[in-house]
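Asks: Below, each chain spelled out in residue letters.
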Amino acid sequence: MLADSRSKKGNRNVSMPIDRNTRLVVQGITGRDGSFHAAQMAAYGTNLVAGVTPGKGGSKFDNTVPIFDSVHEAVDATGANTSVIYVRAPFAADAICEAADAGVRLVVCITEGVPVRDMLRVVPFLKERGARLLGPNCPGLIAPNARVKVGILPASIVQPGSVGVVSRSGTLTYEVVYQLTRAGMGQSTCIGIGGDPVIGTNFIDCLRLFQADEETEAIVLIGEIGGSDEEEAAAFIKEKVSKPVVSFIAGQTAPPGKRMGHAGAIVTGGSGTAADKIAAFAAVGVPVAKIPSEITSLVASAAPALKRAS
Amino acid sequence: MKVHEYQAKELFARYGIPVPPGTVVTSASDAEAAAATVGKPVVVKAQVLVGGRGKAGGVKIAKTPAEAREKASQILGMDIKGETVKKVLITEAVDIAHEIYVAVIMDRRAQKPLVMGSADGGVEIEVTAKENPSAIQRVWVDPLYGVHPFAARRLAMALARDAELAKPMADIIQKLYTLYDEVDASLAEINPLVVTTDRRVLALDAKLNFDDNALERHPDLEAMRDLDAEDEGEVRARNEGLSFVRLSGNVGCVVNGAGLAMATMDLVKHYGGQPANFLDIGGSSRPEKVVAALSIILQDTSVKSILFNIFGGITRCDDVARGLVTAFAQMNLKLPVVVRLTGTNEKEAREILRQVPAIHPAETMDEAVKKAIALAA
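As you go down the protein sequences, you meet chains D and U in turn.
Mapping the first sequence onto the working numbering, position 23 (from 1) lands on 23, and the numbers just tick up by one.
One rule links them: number in the working numbering = place in the second sequence (from 1) + 310.
Derived by calculation from the structure, the hints in this document are not laboratory data.
C-beta atoms are modelled at their ideal positions from N, C-alpha and C, and glycine is treated no differently.
Misleading hints may appear alongside valid ones.
Covered stretches of chain D, as calculated for chain U (at least 3 residues, CB under 8 Å) [to be verified]:
1. 42-54
2. 119-127
3. 194-208
4. 227-234
5. 255-265
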């Protein structure tokens, strides 16, 4: 049986995607990035139960974590429910589908450079199986209160707390999280949704999670040029989010028609500009920081009751 | 990646989309010869990757071969939005009865390809969207099926308003989608798709953009890349695995991560400076990447100071620091360099950078940006 589609179709639940129940399988665990970050995730406290590299089944990572030839075997043997992918771009789409087909509930794809054509086929495949995809081209997520991380976000900059952070960027997220931590504003969960034009989890999905999450008291949303995900997030905030939200948009000085590093960060035909996104947030009363170092003070005034670490 | 009209038309022809015959030439005398072969009035069209060539005078009709020579000599060498015209396409001038717009794009919101059509061809779709939005027809495509024949027929009928013409038009719509899908395009546009007075349906113009992430599996398309039409620094950066976009300011920026790189440019502007570029040195930065980044930035003589803003995650700050030391040793750097390094192996990086007294250290992004602006003034 090559594809058994064992997972059941169902409504996405709205509990945070990673917590103490997370059982992680690393796809591409024997590669340079996969092995480095597998060790980092385990060291932080993530329950790393398995690795997958086709052809290397039967061996062990770090002398402790079993490696399998397929995600299906890994799930059967270890009960893995979350996967993180470090395989090369040409193989990433297949790795995502494999994880979902094996019954993994959350698939986090770190890989950068996955063709859009592949993603257009992957997204409905995962929806059919009721699995959530984060990424691709994302840093993953980290939940400091539970001490769980899936991806590459550096654990050294986070602090337990109650600010939810969601962003399309990697290092800009680190910058903002670092500033929050220095200001004593710990984080509930930080989620990097990725910089590609077609991604599995968008701002609205994360806002819905943070709104329902009891640990989260305030939300920081970091957007950038390209697409209309921020505008849609603004409309959603107006209707459904009662918790305070603060935002920042990168790319105000980006020239039109040029791809700014991220495949999705491009202003085309006058749409996707930073100005439009800032206006959309302002119109629904979401404060927009002019510069990253303004974010902490905007959070402090938007959420005066926020518990702060000393 | 973008390709020229004549290259897009080659791909159109390969997929069975009718295009008027044409010859691409690089000299006025070849233009004359090509026009003589056509034996009818021709259009001389500048081959540039930027848009708006028509308004810039880059498209001209010539009734005779001698006139084609004259028009070609006017157009060749012309500057269109910073791009020098090096090639012109000589193609038959057809008598147009009706102009139509048709394109396949990727709809990010729907996460599906989208076929767009408008009976107002020859007009930019953004203009139609603003002035006459109801003229735009949309068909979303399930990539597992492609464009259903019925959907292509309905769209063609709405555009052609003529059952006889709708048939070849539906055929073109399906072929355009197949092309878009098979070559990993991010845009496939025909504007205008024309009905001639003798009732032929022809793609008079052709525009194809490709998903850069998919070029690895299309070496034939990668070979179509026109390196002459691209910024030299951007070409070098791509070869070095860097992401670079040239701007017009004087503060050179070296940053890791696209979001942080954009935010750094924005911050330079916020504090009254002008960024010279966007540059993302990427995740795992070997020292050689830092050297390459610096040499690309330094080609631009308007750069007066260099700003490093590195937040170490996967990128290790000590790698960047070693790259800087190497660069200083190799390059005889005369410009002031401001360095802000935070995150993974930050302490080791500080130690390494002590070897280079010419570096101006900064603790925060704001401080680094302000220093770099002051030093550029």
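Asks: If a hint holds in the structure, say so; if it doesn't, say that too.
Replies: Here's how the hints hold up against the structure:
1. 42-54: With 0 residues close enough to chain U, the hint is violated.
2. 119-127: Result for this restraint: holds, n = 5.
3. 194-208: holds (count 3)
4. 227-234: Per the Cβ count (4), the hint holds.
5. 255-265: holds (count 9)
Hint 1 alone, counting from the list given before, is not met by this structure.
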